[in-house]
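Q: Residue strings, one per chain:
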Amino acid sequence: MSEILVLVEQVDGEVKKVTLELLTLARRLGTPAAVWAGPGYTPEAKAKLAEYGAETIYVAGSEEITGYVVAPKAEMLAQLVGEKSPAAVLVAATAEGKEVAGRLAVKTDSGVITDAVGLGDGFVAEQSIFGGGVNVQAKVSRGIPIVAVRPNSTAPEAAAGAGAEEEVSVSLSDAAKSARVVERVKQEKGARPELTEAAIVVSGGRGVGSAENFSVIEGLADALGAAVGASRAATDAGWYPHQFQVGQTGKTVSPQLYIAAGISGAIQHRAGMQTAKTIVAINKDPEAPIFELADYGVVGDLHQVVPQLTEEVDKRK
Amino acid sequence: MNIVVCVKQVPDTATERKLRSDDKTLDRDAVDGVVNELDEYAVEEALKLKEAHGGEVTVLTMGPGKATETIRKALAMGADKAVHLIDDALHGSDALGTSYAMAQALKKIGFDLVILGSESTDARTGVLPAMLAERLGTPQLTLANKVEVDGSSIKIQRITDYGFDRVEASLPAVVSVVEKINEPRYPSFKGIMAAKKKPVETLGVADAEIDAAQVGLDSSWSQVVDFAPAPPRAAGTIVKDEGDGGAKAAEFLASKKFI
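These protein sequence lines are chains R and A, in that order. Every letter in the first sequence is one number past the one before it in numbering that gives the first Met the number 0, and letter 265, counting from 1, is 264. Every letter in the second sequence is one number past the one before it in numbering that gives the first Met the number 0, and letter 17, counting from 1, is 16.
No incorrect hints appear here.
DEER-style ranges, computed between Cβ atoms: (1) A/Glu50 with R/Asp108: 34 to 42 Å; (2) R/Asp284 with A/Lys256: 25 to 33 Å; (3) R/Ala157 with A/Ala246: 34 to 42 Å; (4) A/Ala51 with R/Asp300: 47 to 55 Å; (5) A/Ala51 with R/Gly117: 40 to 48 Å; (6) A/Glu182 with R/Asp300: 32 to 40 Å; (7) R/Asp284 with A/His52: 44 to 52 Å; (8) A/Ala51 with R/Glu13: 36 to 44 Å; (9) A/Asp149 with R/Asp284: 44 to 52 Å.
What the hints contain is simulated information worked out from the structure, not anything from laboratory work. Ideal Cβ positions, reconstructed from N, Cα and C, are used throughout, including at glycine.
Generate coordinates for the entire structure from the input sequences, incorporating the hints supplied.
A: Here it is in structure tokens:
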């Protein structure tokens, strides 16, 4: 079977879960090959990628790859596509992953599909558009399929691959080195998982009432090992930092479980969370549209319900 | 500084958006068009840069005749002039076709800085700014929540999953902005009146030296195979909190093996 390139997402050398999901998807459609971009490759990373089915691991370890915005990754991938003629390239549908996919598509004269929530035979991708109102099957019709797949689109399953390493050397063009990253600023987010990748997300909205009260939301999130999100009403009010906003102009999440507390569920919010597998809503207003989406809903004051839920979760641990 | 700000007319999110049954493209006639929200931040940023450094702000949009509404809004906010890329041949272009057509128009207009919103609320692909940078061979300064220009050098803060990157480059460059980089101004009455007299140039495919074989639905690099309204979610269980709502929710989470 032909090779499918999977661009590895990693933080400080640790392979992210979405990459294991992509390897799992790639295994169903071809022979998975992981592509490591930038420094930080370790024996642990190799072991992880092989555990989830990577037959080959292409390692482009040069610091230059991550020293500039996006373009070097696309250039390196385009070179690999030229050399290896893969059947497809899969990337994570993160903001940066999609940008890499876009540039790679231009370079290789290939089509790109973004935000796939599933991928089947013939690389037909499933997408959920218009705030979750319409399901689309789409495919690439020119060039090789480049597909950006959303985190949590499939459950990662281990299945050992050979993990044969191959070093990739790239000589970057001047154009790829034109937007220089001079500093990376890491903002403290504690031990919580990343919002777009988390299996469980607990979000608070207008009903939370104040910045201080977000500790109620954080308490439940920590009990569940979840990420914290917020509606636009909450971020606009300054109760929670803007980068945690879930919705049309913020982050799109697709977790196994989404708990919405004090969020009415306007279309702008639904656009960011409607593909969650299970949705639980807590809201005082029984008419809130969020209850139309909820698998389980509690009509009540989140300030009573959420702490009780947190306590129950802790008890059952 | 010659700034071109790219804006897109999108269907109002509050209305029901549909794909056309004939060619599976977005039905733009059936809905009210509004300025893509993130593009309003782009217009505001362009105006602020002009106010600080001088120069001219040109609005560029690609879309059908109706998109002039969006051009007028950007002009009313304070942009100086506009270019409307309009041609039936462009209908149904995907991101690759659109970025190619926009890049051709941008080359024709000329620019020191291109600014646009980081994604549109209709297609939400988020790939166009990166594709434009690739096609124009200029630095990609995308997902910016802060932009500073000093002579021919430009610095941005690029938001990331872990915080942000500080990025530096030289003009000309392509910048995409995220929500909250600024507070877009409302057009004043004076601005709205003045906008009616500002020049709007229309460009067709031939004018912008766009190869018609590389744009439009039939040339798209990707295609919609099929689509259907999402099946309604099965009605859930809704309970009223009677002092035991949290415990009941915990029961539900346990039944689904989340705890």
